[in-house]
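Colleague: Fit chain B to the given chain A structure using the hints.
Next come the chains, spelled out residue by residue.
Protein chains: 2
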Amino acid sequence: MTNEVIDICKRAAACAPRLAGLETRTKNGALLAMTEALLDSTEELTAANTGDRERAAAEGTAGTLLDRLTLDPSRLASMADGLRAVAAQDDPVGESVSEWKRPNGLVIEQVRAPLGVVAVIYEARPNVTSDVAGLCLKSGNATVLRGSSIALESNRAIVKVLREALGSAGVDPDALQLIPDAGREAALELMKAKGLVDLLVPRGGSALIASIEANATVPFIIDGDGNCHIYVDASADRNMATAIVINAKTQRPSVCNALETLVVHEGLVGQWLPPALDELSSRGVEIRGDERVVGVWPKATRAEEEDWSTEYLDLVLAVKVVGSFDDAVEHINTYGTANAEGIVTDDPSLARRFAAEIDAGSVFINASTRFSDGGEFGYGAEIGISTQKLHARGPMGLRALTSTKYIVWGDGHTRS
Amino acid sequence: MTNEVIDICKRAAACAPRLAGLETRTKNGALLAMTEALLDSTEELTAANTGDRERAAAEGTAGTLLDRLTLDPSRLASMADGLRAVAAQDDPVGESVSEWKRPNGLVIEQVRAPLGVVAVIYEARPNVTSDVAGLCLKSGNATVLRGSSIALESNRAIVKVLREALGSAGVDPDALQLIPDAGREAALELMKAKGLVDLLVPRGGSALIASIEANATVPFIIDGDGNCHIYVDASADRNMATAIVINAKTQRPSVCNALETLVVHEGLVGQWLPPALDELSSRGVEIRGDERVVGVWPKATRAEEEDWSTEYLDLVLAVKVVGSFDDAVEHINTYGTANAEGIVTDDPSLARRFAAEIDAGSVFINASTRFSDGGEFGYGAEIGISTQKLHARGPMGLRALTSTKYIVWGDGHTRS
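As given, the protein sequences belong to chains A and B, one line each in that order.
So the first sequence is numbered by our numbering: it starts at 1 and just counts up by one.
So the second sequence is numbered by our numbering: it starts at 1 and just counts up by one.
Chain A with its partners taken away, still in its complex shape (with noise of 0.2 Å):
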């Protein structure tokens, strides 16, 4: 087992200088063939996927689980799509950060360059091994996929299929690696092969995190909880407050980008609050408030202290009153995750020093936090999104999976 996984290792960092040097045509053209062949292996495709799920649901698997893990035309339709999305993004390899002289004629150019190998654990949805595998092509990466045990046979088919597109356009298929071992050795190993992935992301639960952080070698970048809030200001567009609070906590509760905590200033408990408390209700939300919002709005149960660090990922909603700006940001600071927070105000000055004051991955100025996504920020297929602060932080594009490298141009040039 052990030297399966490093043998696939090194079978990706073989190639890896290889595919940093890939011109963006040639990346661009295996992208549509990807595209093209998880369009052709539809019922390839399918029947393993068939074959998983009988599996799965043979085993007492929940049906959310099963829901995530299907295949079908539709969902091979939409990975066709990303991959797609991931050839009409720029390349950013050979990308100029900056460019300067120095008074001694030396001309320092820093540029985007590949990481190397990039390595992804997930779970069950099939889609993010055709998405990471595009995502790590077009940023000149080699990519060793981990996935879940129950979609083995599914990933088995799609990298079979994808690889075999990688072929056909010139690219070595051995820029894409799955492990086929789904067992908790095989990923100990992944996390350490140090000198051999240069960069890991976990995409899973606290527990995978965990593991990580207790066992990796390698460096990695970790997506972590979404305890998001929204702020209603005191001066905020009463509609458009309550819309973006509805959305942001109804529209798909079970995400990282979901709201958890509304803060909302005093200023609007006599007036704005119940109504909005009871549109929430009216979908099915639950809501824990503190003593001023039981005050006004007695269908409430009152929060505990946990309620505030809790990311509920289910329809119901922590509500806290607060005297001022500041106490908000001291609030959101105190509990949030650090992932998205969003604010409600008609005042630019305060929206400026929430987004300078809440310490974030992103923050969102008048719109619900579920925009804090790879896809809606226009990057194409996803990878995560970061809540540390080194490397990337937030939705991580393609930028997010290449390093930079200094070019140091002279005639000559002697130190003295």
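Hints are computed from structural coordinates only; laboratory data are not their basis.
Take the hints with a grain of salt, since some may be wrong.
Identical copies go unnamed one by one, so any copy, or any two together, can satisfy a pair.
Calculated lysine to any residue pairs in the SDA-like style (CA-CA distance at most 20 Å, straight line) [as the list claims (entries may be wrong)]:
no.: 1; residue 1: 194; residue 2: 225
no.: 2; residue 1: 192; residue 2: 60
no.: 3; residue 1: 192; residue 2: 211
no.: 4; residue 1: 101; residue 2: 111
no.: 5; residue 1: 10; residue 2: 173
no.: 6; residue 1: 299; residue 2: 324
no.: 7; residue 1: 194; residue 2: 214
no.: 8; residue 1: 194; residue 2: 213
no.: 9; residue 1: 194; residue 2: 219
no.: 10; residue 1: 101; residue 2: 399
no.: 11; residue 1: 10; residue 2: 292
no.: 12; residue 1: 194; residue 2: 54
Modeller: Positioned in the frame of chain A, the structure of chain B alone reads:
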């Protein structure tokens, strides 16, 4: 002990949000106050340093280390110059990385923001104390310093003077913290201050780096080895090649950007190589060459396999003959440490290929690798040279001490 380190980190973290909001002119005012304070406190600082040196000498500390430890009026003047140079740098905080509008009208800005708390573990040089304090202040970060035990009184005195200067310039002195315990336990506490330290930069030898890699739970950037190469292509200007190789090897052999292995195209073995090696030898450089080198220049000793991966940091040079450009790239990518690598060539397309194919933080075309340095890049004082690929690679300027943040401007946008 444990609580002391954590308390220090907490004071820095509590200060960080205010530092993030400081205006550029306030930060520059504080940097100039720090400059003045260093120059005005020459007596106090050199007296503290004399105490450190006397204790170190009594303990039998080596002369080179005593020299590094020394603080005299001329070194204080360079420290003051370093702070002035940082004041002259552009403020990275709030700098726009990119900005675009989505088809739905959302405007997305990506701006630079401070990391928060930056900690540095370093060795005897007291100039690092003011360099790091200045760079962190300008980039809006709080600083936690942990210097060497032999420099403890010097560091205490410098930090006291700089904190007073911060206070006089309207900046919270808690922005600058020194851990007054130079023991191993205190360093371990700092490495594990997760959630309080946003970036740890170790400036030390391989034992410190190994300890960070084994123990750190806070994010860190490695400033690692430099097994640097220069490839002299057949197309090189002969005199330029000689001058660059001599400079890179002999100008300061003990540092990480000094040349360690010369890679020579076989076309130069008969003509250029022997006189170049004569020149090096006349400057006291010992030559360890492969078979072909020894064949044309018999004074060379025969290089062993381990010579190709040794960072001598001394007047010793390994010399390798290659049959082609591709062989040179392969040798360098195999044995290099991805720090600084150079080529001497008259062919711009070969230079471009070298820049693209060599996996290193900095690539030098017709220039000495000795320019791989924050000061030489124009970054003012130096925080270090990253030998990793995530976040920052190569010499680190102020931008390397920032993260980015997305600010998304809507007009009531909700997601459907």
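Colleague: So, for every hint listed, does it hold in this structure?
Modeller: Hint check:
1. Taking identical chains as interchangeable, the C-alpha atoms of residue 194 and residue 225 lie at most 20 Å apart only when they sit on different chains, with a minimum of 16 Å there against 26 Å within one chain.
2. Taking the shortest alpha-carbon separations for residue 192 and residue 60, neither the intra-copy value of 32 Å nor the inter-copy value of 41 Å comes in at or below 20 Å.
3. Taking CA atoms no more than 20 Å apart as the test, residue 192 paired with residue 211 passes in both settings, with 11 Å inside one copy and 17 Å between copies.
4. In this assembly of identical chains, residue 101 and residue 111 lie within 20 Å of each other by CA distance solely inside one copy; the values are 15 Å within and 24 Å between copies.
5. Taking the shortest Cα distances, residue 10 and residue 173 sit within 20 Å of each other inside one copy (14 Å), while across copies they are farther apart (50 Å).
6. In this assembly of identical chains, the alpha carbons of residue 299 and residue 324 never lie at most 20 Å apart, being 25 Å within a copy and 79 Å across copies at closest.
7. Within a single copy, residue 194 and residue 214 get their C-alpha atoms as close as 15 Å, and across copies as close as 13 Å, so both meet the 20 Å cut-off.
8. Within a single copy, residue 194 and residue 213 get their C-alpha atoms as close as 14 Å, and across copies as close as 11 Å, so both meet the 20 Å cut-off.
9. Proximity of residue 194 to residue 219 under the C-alpha cut-off of 20 Å is found in both arrangements, the shortest distances being 8 Å within a copy and 16 Å between copies.
10. For the identical chains of this complex, residue 101 and residue 399 are inter-copy neighbours only, at 18 Å across copies versus 25 Å inside a copy, given an alpha-carbon limit of 20 Å.
11. Taking the shortest Cα distances, residue 10 and residue 292 never come within 20 Å of each other, neither inside one copy (60 Å) nor across copies (32 Å).
12. Taking identical chains as interchangeable, the C-alpha atoms of residue 194 and residue 54 are never at most 20 Å apart, the minima being 37 Å within one chain and 43 Å between chains.
Checked against the numbered hints above, the structure breaks hints 2, 6, 11 and 12 and satisfies the rest.
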